[in-house]
Amino acid sequence: MTRIPLSALIGLFFTGVYFFTAVFAGLIAPYGVADIVGGVWEPASSQFLLGTDSIGRDLLSRMIYGGRTTILIATAATLLSFVTGSLLGFTAAVVGGWVDQLLSRGVDLVMAIPTLIFALIVLSVMPVSIPVLILVMGLLDATRVFRLSRAVAVDIAVMDFVEAARLRGEARGWVIFHEILPNALSPLVAEMGLRFIFMVLFISTLSFLGLGVQPPLADWGGIVKENKDGIVYGVGAALAPAVAIATLAISVNLVADWVLNRTTSLKGGRNG
Amino acid sequence: MAETLLDVRNLKIAATVYPPGEKPHDIEIVHGVSFTLEKGKVLGLIGESGAGKSTIGLSSMAYGRGGVRISGGQVLLNGRDILAGSEADLRGLRGREVTYVAQSAAAAFNPAKRLMEQVIEATLKHGRASRSEARARAVRLFRKLGLPNPETFGDRYPHQVSGGQLQRAMTAMALCPEPDLVVFDEPTTALDVTTQIDVLAAIKEAIHATGVAALYITHDLAVVAQVADHIMVLRNSAMVEYGETRQIIEAPREDYTRALVSVRSIEHEEKRPTPEPLLKVENLTARYRGTDFDVLKNVSVELHPGQTLAVVGESGSGKSTLARAITGLLPPSAGRIGFAGRVLSPQMMDRTRDDLRELQMIYQMADVAMNPRHTVGKIIGRPLEFYFGLKGAAKRRRVIELLDEIELGEKFIDRYPAELSGGQKQRVCIARALAAKPKMIICDEVTSALDPLVADGILKLLLALQRIEGVALLFITHDLATVRAIADAIAVMYRGQVVRYGTKSEVLTPPFDDYTDLLLSSVPELQLGWLEQVIAHRKMESAGG
Chain Y
1 MTRIPLSALI GLFFTGVYFF TAVFAGLIAP YGVADIVGGV WEPASSQFLL
51 GTDSIGRDLL SRMIYGGRTT ILIATAATLL SFVTGSLLGF TAAVVGGWVD
101 QLLSRGVDLV MAIPTLIFAL IVLSVMPVSI PVLILVMGLL DATRVFRLSR
151 AVAVDIAVMD FVEAARLRGE ARGWVIFHEI LPNALSPLVA EMGLRFIFMV
201 LFISTLSFLG LGVQPPLADW GGIVKENKDG IVYGVGAALA PAVAIATLAI
251 SVNLVADWVL NRTTSLKGGR NG
Chain P
1 MAETLLDVRN LKIAATVYPP GEKPHDIEIV HGVSFTLEKG KVLGLIGESG
51 AGKSTIGLSS MAYGRGGVRI SGGQVLLNGR DILAGSEADL RGLRGREVTY
101 VAQSAAAAFN PAKRLMEQVI EATLKHGRAS RSEARARAVR LFRKLGLPNP
151 ETFGDRYPHQ VSGGQLQRAM TAMALCPEPD LVVFDEPTTA LDVTTQIDVL
201 AAIKEAIHAT GVAALYITHD LAVVAQVADH IMVLRNSAMV EYGETRQIIE
251 APREDYTRAL VSVRSIEHEE KRPTPEPLLK VENLTARYRG TDFDVLKNVS
301 VELHPGQTLA VVGESGSGKS TLARAITGLL PPSAGRIGFA GRVLSPQMMD
351 RTRDDLRELQ MIYQMADVAM NPRHTVGKII GRPLEFYFGL KGAAKRRRVI
401 ELLDEIELGE KFIDRYPAEL SGGQKQRVCI ARALAAKPKM IICDEVTSAL
451 DPLVADGILK LLLALQRIEG VALLFITHDL ATVRAIADAI AVMYRGQVVR
501 YGTKSEVLTP PFDDYTDLLL SSVPELQLGW LEQVIAHRKM ESAGG
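Keeping their order, the protein sequence lines are chains Y and P.
The numbering used here puts the first residue of the first sequence at 1, with every later residue one more than the last.
The numbering used here puts the first residue of the second sequence at 1, with every later residue one more than the last.
By construction, these hints were calculated from the structure, which means they are not laboratory data.
Predicted model, so just to flag it, every value in this text is computed and none were measured.
Honestly, I wouldn't trust all of these hints.
[As the list claims (entries may be wrong)] Facing chain Y, from chain P, some residues (calculated, C-beta under 8 Å):
(1) R353
(2) P383
(3) F386
Beta carbons: idealized from backbone N, C-alpha and C, even for Gly.
Just chain Y, with the same shape it has in the complex (with noise of 0.2 Å):
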């Protein structure tokens, strides 16, 4: 085991951080997610550490809770999304024929609509629910792991050692699962980090249009969408979700750069 470089650790560090208050936010938010508990726009103080929001709910708590919100959503859409992508996308490269025409075309056709303006339609005629936009952003969000993973697994399908696995006659699956997905992983992993921090963004628009997570659960897009009106008197409280979604995108990023370094050590990935 090598030593862990300081900007992975950094990025360790606060992502842990995010999902252990995410995990834990009833134990840790020192008041409820829905409670009214001081007046309006409180400034900071030892009783409510970020201060409060437009309507005296305190802030931080808020940010806790909104923050699992947030995270739950943003990490099973990823899920969701990479799982179906890549799953479709290695099968459409390894069939190849008229299967790979229609899934990639298939494709082609959701992603040439907006995926916003794509969600939204979706979600105004569907109960805004979370196990619903998990399900719409991750479905939206497959169609560009299909394109990555097909495109991986177009150059790794052609090497001689997948031949010579057909050749063996193993099944599809094993073809997909040991021989492709292994070499695979690199360029998968480094987009997860990426698309996860996408989803965050995505889930926070929704919520900032009113389409996403509805009240009284908080989430960080809602947070800023609530306290939005603040800024013209200049209370930050909508400042606080947007660090909390840049410092989180920031550090999951240095996490997969780190985790994609070291997958792609020539050693299988193993001792790099």
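Dock chain P against chain Y, hints included.
What follows is chain P alone, placed relative to chain Y:
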């Protein structure tokens, strides 16, 4: 005593390596090499890959490839120490006093510019001649190098000429500024054997006609023996032997040189055909999808159990396509493949597991034939698990047995392909094929990417395994020396057809058809004056000529 042109004294070259997980550090890749080259002479540098040949060759231009530095010694060109020269001095030197011919002309030419522009570029840049004078000179060189239509040849783009012609155009480019020294870096290695000797003859002729001195870098002793006055043998970044060409090939002093000279001295007794062939390919015709010509035309060959059939031919002759058709990767459009008394279905997908198991394949590039993320144990173990259901300790035992058979041993079981040398990788591929207990193995150019001594080891191993396991080998190669060493029967392919087929002694005994004659006569022999004899006696122009 002729005048000394190049004097290399105690040359040391270092490079920085970046091993994963370790701190970058410097290693010395050339340990104090010294030699001199007189005006108008040719020095051959020979050695295995990684021996430092190209690095030494490039140092005569005071150039180090990416990450490589000249760390000590002197290089005197025309009495001047060029290592001490400034960037500007070196710019004046390169392409004017010293020029370079790279291995892959196809990669070295700019595809967007006409050949003439590129051939005379250095000459014009250095002000060695006016444009019209340079063009005239280039045309003279094209003629001297035997290029077709020398007046208009330069108007073509690189993709419009053949590989052999491109290599000659590059030689013209190097000779055009009338340099004192040309560095030839494996100029014929990437060419087909029949094209190689045309290019070789053209280069030799041009060197003699212009009186230029040359460093000729190659791994093929027989090639260098045709052009060089002196030969320097390199191994592991140091000089092994240096001497006149005649002395090196007729009376080598060092063991390593002797091994190089006597390479392919494999004893193999030709076996008689058995009554029942294992593989019976009848009238096979195949084409790739979306094309309108047959890559294989009516090919019929037989392979007998425990024997070796060598399929020889130049690139594009259909050798590998034959292998793809037999394995079912490219279903033939007509013909029949009989195997072990049954008829194989043309599509790989329709074959039974036993069909697949009994017919294994070994590839040319061992690097890409193994999954870089699997350990040697998994690579060899997978066929055992897949075909025989071996698991756990039983599988491991069998893998170790196979590793012993390929002379590697248990300690390799947890290594990844990237941790193996080229020869070791090919051995692991052989073990993977053997693990399936096949009746027949298709070997597609398995030694082409290896150094001669390593290739020799692989061939000996294959023959030994053939004796023990009784497996039949379909050996695809363009290297006739290999064929002579190991074949029982030979099929000569030319443009998708088998032009000559029979037992080894039949095929290699005159009278020959024109193509077989051309092919056989093109294999460089370790003999002085061989090139001139061959060129004088050829019946047929090579395809690249």
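Okay, the hints, checked on the actual structure:
1. At a threshold of 8 Å, the smallest CB-CB gap from R353 of chain P to chain Y is about 5 Å, leaving the interface hint in force.
2. Given hint, P383 of chain P at the interface with chain Y, holds; its Cβ is 6 Å from that chain's nearest Cβ, closer than 8 Å.
3. Hint status for F386 of chain P: holds, given a least beta-carbon distance of 6 Å to chain Y, under 8 Å.
Hint violations for this structure: none, all hints satisfied.
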